[in-house]
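So the protein lines, in turn, are chains A and B.
Residues 63 to 402 in the working numbering are what the first sequence lists, from first letter to last.
Residues 117 to 449 in the working numbering are what the second sequence lists, from first letter to last.
Honestly, the hints are just simulated from the structure, not real lab data.
This one's a predicted model, so the numbers in the text were calculated from it and none came from an experiment.
Please note that the accuracy of each hint is not assured.
[Claimed, not checked] Derived contacts from chain B toward chain A, CB cut-off under 7 Å, selection only:
#1 221
#2 226
#3 250
[Said to hold, decoys possible] Chain B regions said to be covered by chain A (calculated; three or more residues, Cβ under 8 Å):
#4 194-206
#5 235-242
#6 254-262
#7 365-372
[To be verified] On the chain A side, residues computed to face chain B include the following (Cβ under 10 Å):
#8 101
#9 139
#10 145
#11 178
#12 184
#13 236
Note that CB positions come from ideal geometry on N, CA and C, so glycine has one too.
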Amino acid sequence: MTGSTVEQPAAAAPTRTVTYREALREALREALQRDDRVFLMGEDVGRYGGCFGVSLGLLEEFGPERVRDTPLSELAFVGAGIGAALGGMRPVVEVMTVNFSLLAMDQILNNAATLLHMSGGQLPVPLVLRMTTGAGRQLAAQHSHSLEGWYAHIPGLRVLAPATVEDARGMLWTALEDPDPVVIFEHGGLYNTAGELDEDAGPVDIQHAAVRRPGRDVTLVTYGGSLPKALEAAAALAADGISAEVVDLRSLRPLDDETICASVARTHRVVVVDEGWRSVGLSAEVSARVCEQVFYELDAPVRRVCSAEVPIPYAKQLEEAALPQVADVVAAAREVVGSA
Amino acid sequence: MNASLTDTEHALDRDHATALLRSMLRVRRFEEKCAELYSATQIRGFLHLYVGEEAVSTGVIPQLRPDDAVVATYREHGQALVRGVPMDAVMAEMYGKATGCSSGRGGSMHLFDLSRRFYGGNAIVAGGLPIAVGLALADLLQGRDRVTACFFGDGAVAEGAFHECMNLAALWQLPVLFVCENNLYAMGTAVHRALSQPHMALRAASYEMAAWSADGMDVVAVEAAARQAVDAVRSGGGPHFLELQTYRFRAHSMYDAERYRTKEEVAQWRLRDPIDQLVARLRHDGQLDDTELASYEAAVADEIAAAIRFAEDSPAEPVADLLRHVHTEREAS
Chain A
63 MTGSTVEQPA AAAPTRTVTY REALREALRE ALQRDDRVFL MGEDVGRYGG
113 CFGVSLGLLE EFGPERVRDT PLSELAFVGA GIGAALGGMR PVVEVMTVNF
163 SLLAMDQILN NAATLLHMSG GQLPVPLVLR MTTGAGRQLA AQHSHSLEGW
213 YAHIPGLRVL APATVEDARG MLWTALEDPD PVVIFEHGGL YNTAGELDED
263 AGPVDIQHAA VRRPGRDVTL VTYGGSLPKA LEAAAALAAD GISAEVVDLR
313 SLRPLDDETI CASVARTHRV VVVDEGWRSV GLSAEVSARV CEQVFYELDA
363 PVRRVCSAEV PIPYAKQLEE AALPQVADVV AAAREVVGSA
Chain B
117 MNASLTDTEH ALDRDHATAL LRSMLRVRRF EEKCAELYSA TQIRGFLHLY
167 VGEEAVSTGV IPQLRPDDAV VATYREHGQA LVRGVPMDAV MAEMYGKATG
217 CSSGRGGSMH LFDLSRRFYG GNAIVAGGLP IAVGLALADL LQGRDRVTAC
267 FFGDGAVAEG AFHECMNLAA LWQLPVLFVC ENNLYAMGTA VHRALSQPHM
317 ALRAASYEMA AWSADGMDVV AVEAAARQAV DAVRSGGGPH FLELQTYRFR
367 AHSMYDAERY RTKEEVAQWR LRDPIDQLVA RLRHDGQLDD TELASYEAAV
417 ADEIAAAIRF AEDSPAEPVA DLLRHVHTER EAS
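Bound conformation, chain A alone (with noise of 0.2 Å):
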């Protein structure tokens, strides 16, 4: 980089590798370490390491009163942490998958989202919850749904789904200083991604989304598992000499505008690609706040990439047909930059 007018750091940060699953589990110690009042509760989470191994290690660290093993009730374990939030600790309940939260959806809308409102201000419940979410490894139909969208039509909640080792990292500790409900959305398909973490990393900032990639002529926006696959397709699409910017929206309730239709304003074109249903769904409303907010900025009609209007199906084909794809965002972008 001789001769390079980039401003660089003095000295890059040392950075290590790690995995998704890592980092989340570097973040529950952290937070075991730092407050007495944080313990962990879910099913499995305990002997067996977490049901995809994020918690492993932690219960002959922390022990079982704080790594606590529940029955199969998420309906009684949620609720349970919402009572123990209200009488001073700061919970952190994984349910495994979000198909299982449905279970518990009583509990998390009528309660948890509802109590601070319902009380006139009186009952905060710090409860922050992580949930598996997503499909992509053949588990068909009750594991493999995307429903973040639902948890981010509630107001209450605030909804995050983290996509990069440094959000796994960071964004539980500031989850956990929030007064209020927090839902966590940790996609299946990222627990094995690895990516490069500061040494010193630590909490971040739970309140914007981030541009991924910066790019001229498209919007691509995004969050959790289709991050990775937004990138790849800003990839491709640069070798055909389109420049797609990368927006991971990081939190999903509430939503950065701000971030979004600056974004737009630039790029004057935008696709979003959310696993989840394509009807009534997370795209449809960053479509719309697009429309609503920055509608003269726009080129060219707003398109999504969704999963197919069906229940993830078990086939390998099937369930890839079903998903968003890295063609399907490039064929979307090329077409609303008119290069199809």
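Model the placement of chain B on the given structure of chain A, informed by the hints.
Chain B only, in chain A's frame:
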């Protein structure tokens, strides 16, 4: 101490029995006035009256300490008042006023008072049980000897949340007192039409939890059972379960035509009115005369009149504040 009103070997402690009477009268007359106000459209929404069941809250809640917690249902005026939520604040809540105990956001079904550890006011049947389990878990983890009392009806016993919570509370030996107010009907569905095993305590006992039934129309019996259970929970005995057999004299809510039960059945239960029974016993023992009873009634009437004045004179919760309390308000940085 007496174990029941029918225990005539021991005289009732006059002051204590009088306090019980006044507590029940206060709840009864408050609710009767609420029904009037509902008909006059001063109170709207759903209004679920507790008339007939007053011995339950009056018998159980005073056994708790101020730092204990109470979780109740949508039929919770009695629990709130006995717990000490001011009548003014309860009435103002019914009126949807800013001075209501939930700032007009909750209404009759959602009374809250954090300062008294009164956690509502839950209108999803069995929805309060997991909250109570969690409050108790927090106490266990923080080494506090507090008790959480969780009130629910017979209808809750058919819900999955009930079973999950019985199991979790017993498994983790949590300091919860489960209080089943068995008034024999889940709205219009009789217990025997809803439950394969209508013996509530037997169900709880199957989770390895101490459980028994008591006459919920006899405030002295309720109090004796509750005292024993609260003491046991507080001293580390794990969760306990009380079934209090009671009866709702009035309709489920103000919209109920009561097609599911007969007037004769209601009349039979009214013969066991918890207030009438206590009054009869006190009179029998020569501990209450008409003048005293009239003075108690007058005091309650005054308090209710003052609560109505307070509610009527209070400012409405402003529409400009509609979006408050969706997220916690933090100091501007």
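Results of checking the hints against the structure:
With 7 Å as the threshold, the beta carbon of residue 221 of chain B comes within range of chain A, its nearest partner Cβ sitting at about 5 Å, so the hint holds. Below 7 Å, beta-carbon pairs count as interface contacts, and residue 226 of chain B has one with chain A at about 5 Å; its hint therefore holds. Taking 7 Å as the C-beta cut-off, the interface hint given for residue 250 of chain B holds, the closest approach to chain A being about 2 Å. With 0 residues bearing a CB less than 8 Å from a CB of chain A, the segment 194-206 of chain B misses the requirement of three and the coverage assertion fails.
Residue count for the segment 235-242 of chain B with a Cβ under 8 Å from a Cβ of chain A: 5. That meets the three needed, and the coverage hint holds. Counting residues of the segment 254-262 of chain B whose CB falls under 8 Å from any CB of chain A gives 4; the rule of at least 3 is met. Check on the segment 365-372 of chain B: 0 of its residues sit with their Cβ under 8 Å from a Cβ of chain A, so the three-residue criterion for coverage is violated. This hint holds: residue 101 of chain A has a C-beta 7 Å from the nearest C-beta of chain B, less than the 10 Å allowed.
Annotation: interface hint on residue 139 of chain A holds; nearest CB of chain B at approximately 7 Å, less than 10 Å. For residue 145 of chain A, the shortest C-beta to C-beta distance to chain B is roughly 2 Å, which falls under 10 Å, so the interface hint holds. The interface hint given for residue 178 of chain A holds, since its Cβ lies 5 Å from the closest Cβ of chain B, which is under the 10 Å cut-off. Given the 10 Å rule on beta carbons, the hint for residue 184 of chain A holds: about 4 Å separates it from the nearest Cβ of chain B.
Checking residue 236 of chain A against chain B: minimum C-beta separation of about 14 Å lies over 10 Å; hint violated.
In this structure, the earlier hints numbered 4, 7 and 13 are contradicted, and the remaining ones agree with it.
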